Amino acid sequence: MSLLIRSSVLLDRMSKEIEFEPTINRLLSWDEKRCKLSPGTRLKALVINVMTGRDPLCHVDQFYRDQDVGLLFGEEVTADDLNDDALARELRHDNIYCERCQIRKPLSKYTTSLYALCRRW
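Going by the working numbering, the first residue of the sequence shown is number 248, and it counts up by one from there.
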């Protein structure tokens, strides 16, 4: 099988540079024992797809069948792990931990992502 390596690798490297995944994981509450993929990984998958493939959520796993998922997310992750159920779970988060206030605040998912990115710059 021939895998397409496009701008998704560049986006992956940029997300690592700004520590996107660890920042998201620190800000959102989640149960590591019950989730195979962290919120940061799932959000990164959505961002890469939107920036490169723009597939509907129900087809994101098909988009990742043509990508080197091991390179982007680690060898333990498969394209099937990036299905619409797993990714939609991430869109339902309803709070974020504010380090300054030391409390959780309700925010939308996109606001959460922007907040995390802005704190890095």
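It should be emphasised that the hints constitute simulated quantities derived from the structure, not laboratory data.
Just so it is clear, the structure is predicted and the values come from calculations on it, not from any experiment.
Possibly wrong hints are sitting among the right ones.
To be verified - Here are the simulated distance ranges between beta carbons: (1) ARG273 / ARG301: 24 to 30 Å; (2) ARG273 / ARG253: 14 to 20 Å; (3) SER276 / SER254: 20 to 26 Å; (4) ARG273 / ARG312: 27 to 33 Å; (5) LYS280 / VAL256: 17 to 23 Å; (6) LEU257 / ARG281: 29 to 35 Å; (7) MET261 / GLY317: 17 to 23 Å; (8) GLU279 / ASP313: 16 to 22 Å; (9) CYS282 / ARG312: 20 to 26 Å.
Every residue, glycine too, gets a C-beta built ideally from N, C-alpha and C.
Q.
Let me make sure I understand: some of the numbered hints might not hold for this structure. Which ones are they, in numerical order?
A. 2, 3, 5, 8
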